[in-house]
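Working from the sequences, and respecting the hints, build out all of it.
Chains A and E are the protein sequences, given in the same order. Numbering follows this note's numbering, in which position 57 of the first sequence is assigned residue number 57; successive positions increment by one, without gaps. Numbering follows this note's numbering, in which position 280 of the second sequence is assigned residue number 644; successive positions increment by one, without gaps.
Hints in this document: simulated from the structure, not taken from any laboratory. Just so you know, even glycine gets a beta-carbon here, dropped at the ideal spot from N, CA and C. Hints are supplied without guarantee of correctness; some may be wrong.
Unchecked claim - These stretches of chain A come out as covered by chain E in the derived footprint (C-beta under 8 Å, 3 or more residues):
no., segment
1, 92-98
2, 112-118
3, 227-239
4, 267-280
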Amino acid sequence: MAPFINGIGLISPQQTTNPGVFLPEVMEYAVDFLRAVDPNYKAYINPLAARRMSRLIKMGITSAKIALIDAGMLPSPKGEGSGVGSSPDAIITGTGLGSVEDTEKILTGMNAGEQLMNPTPFIQSTYNTISSQIAITLKCHNYNSTYVHRSFSFESALQDTLLQFAEGAAMTVLVGGIDEMTDNHLQITRRAGHWKMSPVNNLQLLSTRTFGALAGEGAAYFLLGNQSTASTYATLRDVKTIYKLEKPLKLEEAIHDFLSVNNLNVNQLDVVILGYNGDFHFDAVYDQLGSGIFNGTQQVWYKHLCGEYYTSTGFALWLGANILKHQMIPAAVKFNNMPSERLQNILIYNQYRNINHSLLLLSR
Amino acid sequence: MSKRIYITGIGIISAIGNNVAEVLSSLEAGKTGIGEITLFPTLHQGSLPMAEVKLSTAQMLNLTGQEGSEDFTRTTLLGMIAAKEALNSAGIKDVSTLRTGLLSATTVGGMDRSEGFYKKFLEDPAKGRLKDVINHDCGDSTERIAAYLGINYLISTISTACSSSANSIMFGADLIRSGKLDRVIAGGTDSVTKFTLNGFNTLMILDKRGCHPFDEHRAGLTLGEGAAYVVLESEEMVRKEGKQPLAELTGYGNANDAYHQTASSPDGTGAFLAMTKALEMSKLKPYEIDYINVHGTGTENNDLSEGIALERIFDPVPPFSSTKSFTGHTLGAAGAVEAVISILSICQGMIFPNLNWSTPMKELTIEPVTQLLKKRSIRHVLSNSFGFGGNNSTLILSQPPQSV
Numbered sequence: 001m002a003p004f005i006n007g008i009g010l011i012s013p014q015q016t017t018n019p020g021v022f023l024p025e026v027m028e029y030a031v032d033f034l035r036a037v038d039p040n041y042k043a044y045i046n047p048l049a050a051r052r053m054s055r056l057i058k059m060g061i062t063s064a065k066i067a068l069i070d071a072g073m074l075p076s077p078k079g080e081g082s083g084v085g086s087s088p089d090a091i092i093t094g095t096g097l098g099s100v101e102d103t104e105k106i107l108t109g110m111n112a113g114e115q116l117m118n119p120t121p122f123i124q125s126t127y128n129t130i131s132s133q134i135a136i137t138l139k140c141h142n143y144n145s146t147y148v149h150r151s152f153s154f155e156s157a158l159q160d161t162l163l164q165f166a167e168g169a170a171m172t173v174l175v176g177g178i179d180e181m182t183d184n185h186l187q188i189t190r191r192a193g194h195w196k197m198s199p200v201n202n203l204q205l206l207s208t209r210t211f212g213a214l215a216g217e218g219a220a221y222f223l224l225g226n227q228s229t230a231s232t233y234a235t236l237r238d239v240k241t242i243y244k245l246e247k248p249l250k251l252e253e254a255i256h257d258f259l260s261v262n263n264l265n266v267n268q269l270d271v272v273i274l275g276y277n278g279d280f281h282f283d284a285v286y287d288q289l290g291s292g293i294f295n296g297t298q299q300v301w302y303k304h305l306c307g308e309y310y311t312s313t314g315f316a317l318w319l320g321a322n323i324l325k326h327q328m329i330p331a332a333v334k335f336n337n338m339p340s341e342r343l344q345n346i347l348i349y350n351q352y353r354n355i356n357h358s359l360l361l362l363s364r
Numbered sequence: 365m366s367k368r369i370y371i372t373g374i375g376i377i378s379a380i381g382n383n384v385a386e387v388l389s390s391l392e393a394g395k396t397g398i399g400e401i402t403l404f405p406t407l408h409q410g411s412l413p414m415a416e417v418k419l420s421t422a423q424m425l426n427l428t429g430q431e432g433s434e435d436f437t438r439t440t441l442l443g444m445i446a447a448k449e450a451l452n453s454a455g456i457k458d459v460s461t462l463r464t465g466l467l468s469a470t471t472v473g474g475m476d477r478s479e480g481f482y483k484k485f486l487e488d489p490a491k492g493r494l495k496d497v498i499n500h501d502c503g504d505s506t507e508r509i510a511a512y513l514g515i516n517y518l519i520s521t522i523s524t525a526c527s528s529s530a531n532s533i534m535f536g537a538d539l540i541r542s543g544k545l546d547r548v549i550a551g552g553t554d555s556v557t558k559f560t561l562n563g564f565n566t567l568m569i570l571d572k573r574g575c576h577p578f579d580e581h582r583a584g585l586t587l588g589e590g591a592a593y594v595v596l597e598s599e600e601m602v603r604k605e606g607k608q609p610l611a612e613l614t615g616y617g618n619a620n621d622a623y624h625q626t627a628s629s630p631d632g633t634g635a636f637l638a639m640t641k642a643l644e645m646s647k648l649k650p651y652e653i654d655y656i657n658v659h660g661t662g663t664e665n666n667d668l669s670e671g672i673a674l675e676r677i678f679d680p681v682p683p684f685s686s687t688k689s690f691t692g693h694t695l696g697a698a699g700a701v702e703a704v705i706s707i708l709s710i711c712q713g714m715i716f717p718n719l720n721w722s723t724p725m726k727e728l729t730i731e732p733v734t735q736l737l738k739k740r741s742i743r744h745v746l747s748n749s750f751g752f753g754g755n756n757s758t759l760i761l762s763q764p765p766q767s768v
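See below:
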């Protein structure tokens with residue numbers, strides 16, 4: 001049985017922290033990287049505790065709490081809604097890099113000499129800090145894990161989530177994908193050729209037709225349950241990761257296989273969400289699919305809104321879930337224009353540098 | 365979910381040996397791997413000990429046939445050596461014949477190289493060799509180990525601090541039980557770095573004399589490095605191939621202490637829950653456990669919290685020891701390193717001693733095994749791995765049936 005997405009908390013470069021509205025307007029930037037809009041963390045985290053936390057940890061706890069409030073498991077900061085107050089049966093996080101800010105602080109401190117270093121950044125630099133800080137905040141003693149594999153990080157967390165449901169070990173799972181960008185990390189990875197060399201308008205990302213992507217960041221947590229509720233968005237049916245394809249043709253084959261395992265074919269897909277990131281070289285993979293297997297499908301893209309980062313499929317899952325819930329595709333994300341009536345099945349396909357490919361399937 | 369999971373191969377590299385045979389002989393001889401720091405220059409040389417693998421990075425490049433390459437961090441090389449041994453030990457020649465996954469755990473990834481990069485980068489953002497930093501993230505080590513073994517069906521990386529590789533073994537078992545995979549190479553790898561040494565030093569939990577687990581006068585842990593992997597296979601595959609497994613994974617549990625980011629709760633809640641879950645899954649009664657390979661880092665906090673949890677569950681507490689007194693605390697590799705040692709305990713009928721122990725802890729009534737015990741029937745071993753963030757995991761490894 002496919003679990004239901006019953007609550008979502010998303011902190012992104014867009015206005016997404018209010019689950020009640022679905023992309024009311026699109027934020028336009030001309031920047032080096034798309035920075036997530038910080039919500040008022042004090043509304044979600046005790047200010048005393050928040051002072052010691054690095055930004056990534058605050059983003060993680062806050063987006064997790066927004067998801068739980070959205071799902072009716074926690075009361076809102078204003079005390080609205082009852083909130084049953086129960087803990088999820090599992091907390092699972094995917095993060096490609098963990099707290100980059102804390103890691104850099106330690107390296108900077110170490111460079112200044114191996115004495116008088118501050119312990120706090122080291123404590124927060126471990127990759128599992130986000131999952132465990134959420135557990136501490138919720139006093140949740142249940143299953144807790146963290147996946148840290150590039151653009152498989154969030155996907156692996158989702159695979160584990162589906163196993164928790166399949167084994168009957170969980171009735172609710174809080175699962176998220178989170179990564180941050182820092183100035184230093186941007187500089188280093190830009191030198192490695194990952195990003196565009198100058199600021200770019202995010203809404204015209206594809207028109208530059210140049211190498212390098214537009215970097216971004218974000219935190220997305222989802223409360224999944226084995227029961228549908230009044231707040232249900234969609235069901236998460238399946239997740240697959242594909243590491244290194246032998247040849248490009250194998251990709252279409254893998255997509256057909258994935259759909260057929262789920263008793264679907266391409267014609268039954270109402271929307272496909274593609275991971276176009278503005279890098280001319282790697283976007284060719286999506287172009288091929290768009291003119292091939294997805295030629296007749298409504299195509300949607302999203303990284304012009306959130307940028308490229310290891311766990312960007314968290315944003316894509318938020319987008320897909322909202323499209324199904326609201327039965328509406330915002331114009332800003334449409335890649336082509338196909339007539340659509342009822343929106344039932346959505347496939348998300350993303351790839352990182354043509355090495356890590358992933359498929360997520362969700363249905364109404 | 366009644367599918368049984370067997371372990372058909374093991375591989376290990378640590379401060380007490382570069383393979384299973386060497387590790388076993390050090391364990392039998394009571395020979396620790398803890399010694400002086402030699403791998404990198406640091407202020408702490410001479411004052412803090414460490415458990416280093418006795419191979420230079422260049423020697424490991426030769427051993428894996430990667431002479432002269434700059435693409436491999438120490439963490440990756442350790443992982444390649446141990447994972448390859450596990451594959452060979454399971455008699456697997458071609459990984460592509462079955463749906464085979466690789467799940468690797470690490471806490472530092474390529475930090476041994478990126479810490480050098482940062483030194484130059486911080487002086488001048490245009491400086492530092494990119495080759496030293498592009499392998500920094502955790503996924504890089506897993507992808508290179510996968511390429512070395514020829515695995516591309518399903519791969520992932522787990523990082524839950526010191527319980528990381530116990531969780532990769534659990535995730536691997538779940539993937540097999542759900543029918544997504546036929547077999548998994550699961551474990552973890554971590555090299556020592558200046559980063560981790562200084563990080564732990566800021567917490568003031570490194571024992572200057574080398575760790576003294578479960579001793580009244582313990583003063584902290586000793587960092588170690590290493591890698592270990594187990595080959596997990598489904599009952600169906602083991603039958604089909606007519607293999608005799610080394611052990612069965614009969615139970616596992618993951619719980620969170622949800623108390624403090626680095627300190628364990630005074631009543632050992634997380635430890636208690638992880639062990640209880642694993643026992644429930646294995647359907648074993650506490651008295652059926654013949655040996656416990658404790659987490660036993662040697663910190664004041666861990667050993668007390670773990671000891672209290674043991675006393676809450678077991679009456680009496682079965683023979684137990686912390687083999688971190690041999691290997692040091694190998695962080696992301698520790699869960700798998702100790703799973704391999706637990707399997708050796710079952711296969712050899714031995715209980716390995718807890719070194720550096722002399723005085724019982726005043727809060728506890730239990731004492732670890734301090735001499736090698738031989739010719740014992742070890743049917744079930746419980747192995748604990750607890751981490752920062754309260755990430756606590758327990759594995760139960762059992763003697764496999766005579767024929768599967």
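>> Verify this for me: three or more residues of the segment 112-118 of chain A with a beta carbon less than 8 Å from a beta carbon of chain E.
In response: holds (count 5)
> How about the segment 227-239 of chain A: do at least three of its residues have a C-beta closer than 8 Å to a C-beta of chain E?
Replying inline: Coverage by chain E is violated here, the residue count being 0 at a Cβ distance below 8 Å.
> Taking a Cβ-to-Cβ distance below 8 Å as contact, does the segment 92-98 of chain A have at least three residues touching chain E?
Replying inline: Result for this restraint: holds, n = 3.
> Taking 8 Å as the C-beta cutoff, is the stated coverage of the segment 267-280 of chain A by chain E satisfied by three or more residues?
Replying inline: violated (count 0)
Violated hints, listed in ascending order, are 3, 4; each of the other numbered hints is respected by the structure.
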